[in-house]
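Add chain B to chain A, keeping to what the hints say.
2 protein chains.
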Amino acid sequence: MERIEGGHVTTPRGFRANGVVAGIKVSGRPDLALLVSDTPAQAAGVFTTNLVRAYNVDRNRRLLGAGQALRAVIVNSGNANVATGEQGRRDTDQMAALVAARLDLRADEVAVAQTGVIGVPLPMDVIRGAIPDLVAGLGDDGGPAAAEAICTTDTQIKQTAVQVMLDGVPVTIGAMAKGAGMIHPNMATMLCFVTTDAALGTEAAHHALVTAVARTLNAVTIDGDQSTSDTCLLLANGLAGNPLVEDLDDPRLTLFTEALTAVLDPLARLIARDGEGASKLLVVKVNGAVSDAQAAQAARSVAGSNLFKCAVRGSDPNWGRIACAIGYSGAEVDQSKLTITLNQVLLMFEGEPQSFDAAAVSRSMDAAEVTVQVDLGLGRGLGVAYGCDLTEEYVKINADYTT
Amino acid sequence: MERIEGGHVTTPRGFRANGVVAGIKVSGRPDLALLVSDTPAQAAGVFTTNLVRAYNVDRNRRLLGAGQALRAVIVNSGNANVATGEQGRRDTDQMAALVAARLDLRADEVAVAQTGVIGVPLPMDVIRGAIPDLVAGLGDDGGPAAAEAICTTDTQIKQTAVQVMLDGVPVTIGAMAKGAGMIHPNMATMLCFVTTDAALGTEAAHHALVTAVARTLNAVTIDGDQSTSDTCLLLANGLAGNPLVEDLDDPRLTLFTEALTAVLDPLARLIARDGEGASKLLVVKVNGAVSDAQAAQAARSVAGSNLFKCAVRGSDPNWGRIACAIGYSGAEVDQSKLTITLNQVLLMFEGEPQSFDAAAVSRSMDAAEVTVQVDLGLGRGLGVAYGCDLTEEYVKINADYTT
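Heads up: the protein sequence lines correspond to chains A and B, in order.
The working numbering numbers the first residue of the first sequence as 193 and each following residue consecutively.
The working numbering numbers the first residue of the second sequence as 193 and each following residue consecutively.
Simulated from the structure, these hints should not be mistaken for lab results.
Don't be surprised by glycine CBs; every beta carbon is placed ideally from N, CA and C.
Hints are not guaranteed to be accurate.
What the hints assert, rightly or not - Some chain A residues flagged as far from chain B (calculated, every beta-carbon gap over 12 angstroms):
#1 215
#2 251
#3 253
#4 294
#5 300
#6 315
#7 333
#8 348
#9 357
#10 398
#11 432
#12 441
#13 443
#14 513
Said to hold, decoys possible - Listed below are several chain A residues computed to face chain B (Cβ distance under 7 angstroms; list not exhaustive):
#15 277
#16 502
#17 584
#18 591
Isolated chain A, as found in the complex:
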């Protein structure tokens, strides 16, 4: 497996993309993206579990549930089209229909994703007006333009690609993502779109995506607020020409899943690092849990603790807050077996606090990445979480909005 320098969502064969300024965002930045596969692509998706959610999530889930191959995904930023009632549902359906008409597809071959302000009607006139240019500009070098147009307050675009050999055939996986930002202070939404020219069966694609997302995108926590619109879609168009991978026990699927994980992992870290107002990436690794699920739960609890996030902000090696967050995580914990390491310095060993050079550890926390390693001492479960520090800037971004 090899990372492709400068790789992106149209690096795999048979994908084209584009991103344009439609005028949804008042800032005048790009806000409408289109991703197209030249041939029907097997699709898999994972979505928010929030019970208040975008209609596009329900629509995409319905398409995938029906085993529908996808040809295109249209994404707008600047407006989440959530809680917009019956009109909002009609608008999303129309977005798909407009793209389908222009590309000579059926509407149910087009997925829709949206991010931005909640409860405001989608400006369908500007979207309708932008679609001709959006389609005309599609290109196999359009990945970066699309990656930019899906961003909200992200400070950088997030894309990558890797190549892996399946049966001697080079297969490419590309992806773009957006993280926790917004055009108006609203919902932090994670969107991620993955393309591959690998030939995968529907079930195999779904299995690979769920496995890779669990280890990467689902390990991210910015502020504990789960969005109404979180979406990760995988499109596999088979143009690499590898023999179809269908069986869930197929070792080639394991290989593909590892490569997919390698695509999503740096995006997950970028999303966490680029969390609203964040100045540092926080990586929390937990081992010794009763199960992998409990390890992930404990890791997320530490990465999500406001108090510890503030300590990371202030470069304060306040391991009491780590122990506290582990304790209320819901994972099985025996505090007499708890071992905590911060930036490779041992702070607590099997429940007993260790003496350490607090000033030196504090200095080490001034770096762009802070790593916590927790050993629960109970079993073989492993898990990781990616987070960021909580800063005054986060509060400013999300409070200083004058209605």
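Using the frame of chain A, we list chain B on its own:
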């Protein structure tokens, strides 16, 4: 039932208290409190469910579990004595023994509570040195001094008392509490001590306390970080002379529980309002849930949402964040039945956004209290949560600590 102007923890008959500067806090503020009942008091308690917790929590729970009547509670602020290993356990036992010796009691008649920095050994020398003065200064007007000495970064002391008639006998309930503050940036801990001269059976006292706490102190969320030391203790010494209330079905117990709730409710609001860095009290009421438990869960989810707390900070009527937090709360939700009111203005009705004067609602949110009312439209469950806004000051308090 009547609130007693200026009432506190020694307003009920037969209780004395004191608070002194022992020297645990570097600030030189009072940090050691003692509460004594002149006669053995039936005791009930509720405690943190954090699996990493103070030894004093385990010790108090053991005393109560054995049906031990209590005579005294000693509380220090400035040091939580958590994650201090075997030495920390010996220190807590010794605190109880020192008080018991001075008051001619058995050590297991003395409860201990602690709040402050984690992982630092308790300065037993200064505590030992302060106990003679602490005991000598006990008085039936000592409630306010004790209430001050249990505080950390609380900006005001929190105490109240009410009187209620049981069988024509006036019974008094007093309480003191501390909230989400710290001497060093560490664990936000809630401590609450309730006294009453009512004659209550052990089981009745426990039932009343659990019921009242569920509606009040357990409805508070400052930052989602559950402390290692949260403790609420009730001491009932029976000196009012009312006929003993033992039966859980006794209507007098219902009356007592209502009075106890009236004591704890203003303390819960004060604790939320006095959350670290908070500028406003946030009250979230949920009705129409499938159950009371789900209503409380949904209310806590809104009161605990960082994004909505920032919106409250900025007086932004961003109801999308309310809907979002309801959606991921874990409570049963049907978004087409969701109705949201903010400061008595209807923002969403049965899933459809309503037009409203955003500037006027924003102005109304500049007040010291912001109220959200959510109707889930599914059942008869009711619940409430008390929270506060998330401010730059919260981050500063918890980050700007130079080790």
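We went through each hint and held it up to the structure:
Under the 12 angstroms C-beta cut-off, the non-interface status given to residue 215 of chain A relative to chain B holds; the minimum distance is some 22 angstroms. No beta-carbon of chain B comes within 12 angstroms of the beta-carbon of residue 251 of chain A; the shortest separation is about 15 angstroms. In this structure residue 253 of chain A is separated from chain B by more than 12 angstroms, as the shortest Cβ-Cβ distance comes to about 15 angstroms. Remark: the non-interface label on residue 294 of chain A is consistent with the geometry, its nearest Cβ contact in chain B lying 30 angstroms away (cut-off 12 angstroms).
The Cβ of residue 300 of chain A sits about 23 angstroms from the closest Cβ of chain B, beyond the 12 angstroms cut-off, so the non-interface label holds. Distance check on residue 315 of chain A: its Cβ is at least 16 angstroms (rounded) from any Cβ of chain B, clearing the 12 angstroms threshold; non-interface status holds. The Cβ of residue 333 of chain A lies farther than 12 angstroms from every Cβ of chain B, with a closest approach of about 36 angstroms, so its non-interface assignment holds. Taking the minimum C-beta to C-beta distance to chain B, about 22 angstroms, the non-interface status of residue 348 of chain A holds against the 12 angstroms cut.
With a least CB separation of 41 angstroms from chain B, residue 357 of chain A remains clear of the 12 angstroms interface cut-off, as annotated. Once the 12 angstroms rule is applied to beta carbons, residue 398 of chain A is consistent with being away from chain B; the minimum gap is 23 angstroms. Residue placement check: residue 432 of chain A keeps its beta carbon more than 12 angstroms from all beta carbons of chain B (closest about 38 angstroms). Its beta-carbon lying about 34 angstroms from the closest one in chain B, residue 441 of chain A satisfies the requirement of being farther than 12 angstroms from that chain.
Remark: the non-interface label on residue 443 of chain A is consistent with the geometry, its nearest Cβ contact in chain B lying 37 angstroms away (cut-off 12 angstroms). A beta-carbon of chain B is positioned within 12 angstroms of the beta-carbon of residue 513 of chain A; the least distance is around 7 angstroms. Below 7 angstroms, beta-carbon pairs count as interface contacts, and residue 277 of chain A has one with chain B at about 4 angstroms; its hint therefore holds. At about 3 angstroms, the closest approach between the beta carbon of residue 502 of chain A and any beta carbon in chain B falls short of 7 angstroms, and the interface hint on this residue holds.
At about 4 angstroms, the closest approach between the beta carbon of residue 584 of chain A and any beta carbon in chain B falls short of 7 angstroms, and the interface hint on this residue holds. Among the interface hints, the one on residue 591 of chain A holds; its C-beta lies about 3 angstroms from the nearest C-beta in chain B, closer than the 7 angstroms criterion.
This entry does not satisfy hint 14, going by the numbered hints stated previously; all others are met.
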